[in-house]
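Protein chains in written order, with my numbering: chain A, 1 to 293; chain B, 294 to 588.
Source of the hints: derived by calculation from the structure; they are not laboratory data.
Be careful, since some hints might not be right.
[Unchecked claim] Now the in silico label distances, taken between C-beta atoms and shown as ranges:
hint : chain 1 : residue 1 : chain 2 : residue 2 : range
1    : A       : E201      : B       : A302      : 31 to 37 Å
2    : B       : Q307      : A       : L78       : 27 to 33 Å
3    : A       : G102      : B       : A302      : 31 to 37 Å
4    : B       : D529      : A       : G7        : 28 to 34 Å
5    : A       : G7        : B       : A508      : 31 to 37 Å
6    : A       : T112      : B       : V296      : 52 to 58 Å
7    : B       : T344      : A       : L78       : 40 to 46 Å
8    : B       : Y348      : A       : A232      : 49 to 55 Å
9    : A       : L78       : B       : D475      : 41 to 47 Å
10   : B       : D475      : A       : T112      : 51 to 57 Å
Beta carbons are placed, not taken as given, at the ideal position from N, Cα and C, and that holds for glycine.
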Amino acid sequence: MSDSYYGRPVIKEPTWTWEIPIYLFTGGLGGGSAVLSAAARLAGNERLAKTSLYLGAAGDVVSAPLLIADLGRPERFLNMLRVFKVTSPMSVGSWVLFVSGGASSTAAVLETLDRLRPVKYLAELVSALFGGPLATYTGALLANTSVPVWHEGRHELPWLFGASGTATAGAAAALLLPPEEAGPARRLAIGCAAAELAAMEVMQHRVGRLLAEPYRKGLSGQLTRASKLCVAAGAGLLAWKGRQSRSAAVGGSTLVLAGEMLLRWGVFKAGFASAREPKYTVLPQRQRRDSNR
Amino acid sequence: MSVPDGWLAYGDEQQERVGFFTDTSVCIGCKACEVACKEWNLVPEDGLVFTGESYDNTSTLGANSWRHVAFIEQEKPLRLDDEDGEPLRWLMSSDVCKHCTHAACLDVCPTGSLFRTEFGTVVVQEDICNGCGYCVPACPFGVLDKRHIPSLPATTTRVSGSEPQASERPDGRVWKCTLCYDRLKGGHEPACAKACPTDSIQFGPLDELRARADARLEKLQQENWNGVQLYGRDPDDGVGGFGAFFLLLDEPEVYGLPPDPVVTTRDLPGLWAQTALAAGAVVLGVVASFLGGRR
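Chain B with its partners taken away, still in its complex shape:
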């Protein structure tokens, strides 16, 4: 269950599977990951809005936000043995594409634009993507989205001589985190992990990260941290384990994550069977309609 589809096909070129372990217990909500990601990957601006939702004005992952730091203010104790004062804690978590072992986006892509890299990660080839958008509702995490062609108001003034922003050029394709494929090729860690000042975002071989996460979970459990759990670490879950998994301090849904994600194509064999049977029934129905004569 836990080997990414397509990864083994690389043969000699296959590399160790890498990913992220995001330990949210040490996240300080600085958003350096969001900034570093935008800078390195030239991801366009995603609207300058003030949501009033704690310190989060990014709101969600999307075509123009490949890291998203969630902020949750809770009247709950940080540790279960905390007894003094009124309980209050502030949860922060940097969300990212999960680079699933069994990736729905990759399965459903009709052009072959989405592919499995030699590192076991999932990347969109932007020169192939035709913006059909099938991967967008296929992803159980709502990671991918179409980058729309922004309509530039006629009154917009641009600093003379400056390059047009990426967001001002026509698009219509789907974009998401590449786990910095270009940096991996050069032997570097992804920009977000490099920029993270607390090592909340840890990059490395997935096996190593899993072992590290297990140790961290055990430690925090011993210290009575409230709600501590690993999310996406299990290779037997509905997507075969995440390539980018998390240590959370509450249920996943509190962070806007699905509690039990399943790759939609797991149910596809049965779905094709129903489709074939129904197609047969169409023919039978038509044939039956000729039983009663011409009038």
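One chain only, chain A, in its complex shape:
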């Protein structure tokens, strides 16, 4: 009992609801697709460029209402653009999404209309430049809190989410394109799925046995395990048959997408679990304090 006050949490759980893990997924899709689309444009793979441009714009366009819906006062969403604060990943992220999403949706509209090509290329360039940050800042967003598993995972979370977002972008494009056009997208999905699985392992190892518990136990543990299974199976299927068979490419891509969505939910729920239990806050801090005494 002396470890806590009637077992009550020391810190507050986040107030964020279901919109946020879905946004983590759609934002990752938007950021990764923007970069993939621009690279495909430069490589002369127009079909992939177009598909990823639409996918990225869709990810960005869905992200904004999700974030706004999660606000306690949605009608005040514009207050996000009242200031720019580098001490707040949410402030930085709002601007990144605003710029990247604005650019990608502009480019997508111009692509459909087939007009103002120079403006479209400029918009694609802007969207691609902000795509990487859009895919990775969400790691900083979660890590920059007092939530133990998020804060202690701060060295890996931007990498984990960056890899996840890029794998999402690759898998989404490989899902929609025939294999003969989807080579880069498929390889991106396979490579980044592997990188994401590796980042997760490193993070779980580095936070220590106590703080890795939420990734093993309870709902967050189940989500994390399911995510690993889906991502590994999907990437494996893509690597094995994705080049030859359309149905294998569709199946593998779907599994990777499902796995990356589960990953976002797993990390999200693990944060809540670690905030709820006082031991995750108290024990590491007590160790630190006692070693400094």
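For chain A, the structure is supplied; the task is to place chain B on it using the hints.
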């Protein structure tokens, strides 16, 4: 380390930094602070529950509880030289927002709603807050929370002619202790300190409070009080010292307080570096995926 970020920007309007010293050794658990705070700040009711946890039915700080008196029953002697009878003591402590020198809530607020006042305290501007909730998990003490829109059962009867309670109006914003910013502006002490009958809650210039706390600690140590310690007094701690600090009679975690709080943004420069590197890696990964041809 120990100057609050943003406070110096006030120039001529800057006031002496003020805060609380809560000396829990004289707290009698009357909860006058909780009541005075609610009355003055029009803080809505927070649920009428019976927890069975000693005399504490407030349980925790939150959007609707800006002072919280903790009650801990212990089979420990009050003084280390107590030898007669079975040891028993009852610890009481009035918790409050710490008004950190380096405040995570203020750092992470994306709208600029949270700000540093001319008194060095931290306040939410409710006309700006859009309820994003980022400050809630950022606070290392779990002080802030979102005030939810309560669903009023259709059968609820209201005394005719009475004003609707604050809790019945739509909200969704984040609320916390303002250290009675309005009272400070008028030259008054905060409501909780004013109401405290034992001066367990002491309000004043922070430097003065620190000196007073040091003297009090020395006295209680000489009198062999069990577990006596200052919490949040040190300007070199992880949040640069609290604007509202405490004299406790056991480890902070016993009171539900974090043993070694650190402002989360202390690690942000490294975190941004990782984020930038990872963003670069995203681009490299995408470029690399084009090395193998179209199929």
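| message | Could you work out which of the previously given hints the structure breaks and list their numbers from low to high? | response | 1 and 9
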